[in-house]
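Sequence lines, in order, name chains A and B. Residues 265 to 561 (our numbering) are what the first sequence spells out, left to right. Residues 265 to 561 (our numbering) are what the second sequence spells out, left to right.
Calculated from the structure, these hints are not laboratory results. Every value quoted in this text rests on a predicted model; they were computed, and no experiment measured them.
Example chain B residues on the side facing chain A (calculated, C-beta under 8 Å, incomplete):
#1 Asp355
#2 Ile362
#3 Leu363
#4 Asn396
#5 Leu400
#6 Lys406
#7 Ala407
#8 Tyr414
#9 Arg530
Derived lysine-lysine pairs resembling DSSO-like cross-links, with alpha carbons at most 30 Å apart:
#10 B:Lys434 / B:Lys502
#11 A:Lys529 / B:Lys378
#12 A:Lys356 / A:Lys334
#13 A:Lys334 / B:Lys356
#14 A:Lys356 / B:Lys352
#15 A:Lys378 / B:Lys529
#16 B:Lys352 / A:Lys334
#17 A:Lys352 / B:Lys352
#18 A:Lys378 / B:Lys356
#19 A:Lys529 / B:Lys334
#20 B:Lys336 / A:Lys352
#21 B:Lys378 / A:Lys356
#22 A:Lys336 / A:Lys378
#23 A:Lys356 / B:Lys336
#24 A:Lys529 / B:Lys336
#25 B:Lys356 / A:Lys352
#26 B:Lys356 / B:Lys378
#27 B:Lys352 / A:Lys378
#28 A:Lys336 / B:Lys529
#29 B:Lys378 / A:Lys352
Glycine included, every Cβ here is placed at the ideal spot set by N, Cα and C.
2 protein chains.
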Amino acid sequence: MKNIDSVFVTGGTGFIGSKLIEVLLSNNFNVHVLTRREYKSPLSGGDNRLHFHHYDGSASSVFDAMSISKPKIVFHLASLFVAEHQSKDIDKLIESNILLCTQLLEAMVMENVKFIVNATTCWKYYESNQYNPVNLYAASKKAAEDIVEYYHQAENIRYLNLVIFDTYGKGDTRRKFINILIDACDRSEDFLMSAGEQFINLTHVHDVAEAFVTAGTHLVEGRFQSGEFAIRGSEEFKLIDLALILVNLRKSNIKVIPGARAYRKREVMSVNSSIPTLPGWTSKRTIREEYALCDQD
Amino acid sequence: MKNIDSVFVTGGTGFIGSKLIEVLLSNNFNVHVLTRREYKSPLSGGDNRLHFHHYDGSASSVFDAMSISKPKIVFHLASLFVAEHQSKDIDKLIESNILLCTQLLEAMVMENVKFIVNATTCWKYYESNQYNPVNLYAASKKAAEDIVEYYHQAENIRYLNLVIFDTYGKGDTRRKFINILIDACDRSEDFLMSAGEQFINLTHVHDVAEAFVTAGTHLVEGRFQSGEFAIRGSEEFKLIDLALILVNLRKSNIKVIPGARAYRKREVMSVNSSIPTLPGWTSKRTIREEYALCDQD
Numbered sequence: 265m266k267n268i269d270s271v272f273v274t275g276g277t278g279f280i281g282s283k284l285i286e287v288l289l290s291n292n293f294n295v296h297v298l299t300r301r302e303y304k305s306p307l308s309g310g311d312n313r314l315h316f317h318h319y320d321g322s323a324s325s326v327f328d329a330m331s332i333s334k335p336k337i338v339f340h341l342a343s344l345f346v347a348e349h350q351s352k353d354i355d356k357l358i359e360s361n362i363l364l365c366t367q368l369l370e371a372m373v374m375e376n377v378k379f380i381v382n383a384t385t386c387w388k389y390y391e392s393n394q395y396n397p398v399n400l401y402a403a404s405k406k407a408a409e410d411i412v413e414y415y416h417q418a419e420n421i422r423y424l425n426l427v428i429f430d431t432y433g434k435g436d437t438r439r440k441f442i443n444i445l446i447d448a449c450d451r452s453e454d455f456l457m458s459a460g461e462q463f464i465n466l467t468h469v470h471d472v473a474e475a476f477v478t479a480g481t482h483l484v485e486g487r488f489q490s491g492e493f494a495i496r497g498s499e500e501f502k503l504i505d506l507a508l509i510l511v512n513l514r515k516s517n518i519k520v521i522p523g524a525r526a527y528r529k530r531e532v533m534s535v536n537s538s539i540p541t542l543p544g545w546t547s548k549r550t551i552r553e554e555y556a557l558c559d560q561d
Numbered sequence: 265m266k267n268i269d270s271v272f273v274t275g276g277t278g279f280i281g282s283k284l285i286e287v288l289l290s291n292n293f294n295v296h297v298l299t300r301r302e303y304k305s306p307l308s309g310g311d312n313r314l315h316f317h318h319y320d321g322s323a324s325s326v327f328d329a330m331s332i333s334k335p336k337i338v339f340h341l342a343s344l345f346v347a348e349h350q351s352k353d354i355d356k357l358i359e360s361n362i363l364l365c366t367q368l369l370e371a372m373v374m375e376n377v378k379f380i381v382n383a384t385t386c387w388k389y390y391e392s393n394q395y396n397p398v399n400l401y402a403a404s405k406k407a408a409e410d411i412v413e414y415y416h417q418a419e420n421i422r423y424l425n426l427v428i429f430d431t432y433g434k435g436d437t438r439r440k441f442i443n444i445l446i447d448a449c450d451r452s453e454d455f456l457m458s459a460g461e462q463f464i465n466l467t468h469v470h471d472v473a474e475a476f477v478t479a480g481t482h483l484v485e486g487r488f489q490s491g492e493f494a495i496r497g498s499e500e501f502k503l504i505d506l507a508l509i510l511v512n513l514r515k516s517n518i519k520v521i522p523g524a525r526a527y528r529k530r531e532v533m534s535v536n537s538s539i540p541t542l543p544g545w546t547s548k549r550t551i552r553e554e555y556a557l558c559d560q561d
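Isolated chain A (complex conformation) (with noise of 0.2 Å):
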C-alpha cells in the first residue's frame, strides 16, 4: 500500500475501527468510513483525509459510498456482537454480521476493488481446531466468511480474515473483563468473577490496528491470495491471576472473589493455538504500559 491510496473502513466508530482509523490516518491515507451513525464525530476533527458516509442497511448505499471511495482495499471490521443472543437479536445479528459483508464485497465487485482484511473471531473454535462457534455471532462471523470466499473464488478477491482475541487499552467503553475490573478499582469495590480458570490471551488496541494495516500490505503486495491468522498477543494469563497483576498495577486493596459468578454457557476456557499469527507483525504494548499507576499518579 502507498500511502497516496484510498482506504475503506467499516465499523470505524467501534473501538478496534477507530484506532485503525487513527493509524491509518498517521500513516497519511485517504480514509473513506462507512458508518450508520450521525457524520459529526469526534474522530473527524477536521481532517480532510477521512470522509464518511451513511450506511442505511440497505445494498445501495454501500455501492454509493464504495463507488464515491473507489479505495484500493477494504478493512471490514463492522459487526454486531452479543455475547448470549436472545431471540429478538437474531434478525439484527445475520443484518449486522452476514448481509453488510455481501453487500461490501459485492461493491467491491462493481468498483473493482481486489482487496479485503476481515475482522473475525477466535470464538469460531470452541475447545476445537475446528469449526465449533462458541454462540451465535461467532455463527455468523464464519458464516460471513462462507460468502467472503465465494467473491474469492468466483470474483478473484483477495482476503485475509484476521482471528482476533481479547483487546485492551484506554478509552475502551465495552463492557469487558478489564474496564470492570478497574472501574471496581477505581471506586474501590470487591469485584466479584467467575473461578477464573479461563485463560485470555491480550492484545493491545493500537497493536491491532497496525496488524490490519500489515495484512492489508501483504495483500497489496501479492504475499497472500487468501487466508487466516491469528492477532494474537504475547500476554497471556489464566483470568483470575490477569485480576491480581491489574489489583496491584493500579495499586488496590479491594478484595477480588472467584467463584463468586458462574462461567458463561459455552465459556472458553483456552486460546487457540492452532492459528498462525500473522507473519510480520507482533504485538508490543503491554497492560503494566497501559494501567500501571506512577507514583504521582
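We have chain A; now place chain B onto it with these hints.
For chain B alone, kept in the frame of chain A given last:
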C-alpha cells in the same frame, strides 16, 4: 417418526416441497406449512391434516407458527435459487437462505423441537470435495449450515443436511434443462444447447421427497445426531446424451444443436461423488417411465 406426529415444512409451495407434503399426507402426518404465499393453495384440497402459516419475513411470524404447530420435526426446503446473481438479488438471497433458517432454528429452541432436515446443494463443491461455491446461492446455503451447526452444538438440535442434485418430474414449472427440451420437442423446435459435456445426476422428485422422510426417520429414531448425505439418483448422464435420450423418448424429430450456447460462468461439469448417499434410501423412478410417450400417445 410415528404418523400421528405433526411435522413442519418450509418451501412447501416449491417443486420438491409440494411433493414432500403429498408424501407426508399420504403417510398420515399432520403437516404444518410455513409460506409467504396466500393460504389458498391447490395443495390443501380441504385436507384437515394440512395447515398453512403465514411468513411475513419476521422472526415472530416463524415463532408463532412453530408455537401453534408444535411439530416433531422440521423439513426446511425453502430457498431462493439464483444461478447467476445480480446486485439487486443479494439482500433477498441472504434473507431467504440464511435469515429464515436462523429464525426457524431459534423457534425450534423455543418450542423444544429437536430435529431438522435441511435441504442444501451440491453446488457448494465446485470441482472440489472441499467448500468452493459455484455461486452466491450455494455460498448462502453453506452459510446457513454454519448457523445450523451452532444450534446443533449449543442447543443439541439434531440435523441432517441433504445435498440435492438435479431433480425432475411432471408438473415441474422451473425453467430447467429437461423442461425446456421437452417443450421444444412438443413444439417441434430445434434445441440450442451448450457443448453438453457436463455430467448431470437426476433424481425423480418423488424419490427426493421420500429421501426427506427417510432422513427424518433416521433423526427421530436416533441413528444420527448430525450429518450430510447426498440424494444422488441412479441415473447420471452427459448432458448431450440426456438431450438425445429425451428426444428419442418423446418420439421427436427436432435437431439438438450442441455448442450453440456458451457454458455458464463456473459451469458444473461433474457430479460430486464424495458425499455418501443417504443410508436406507435409493432412487426408484426413471426418466424413461416419466417422459416416454406410449404408442397411443
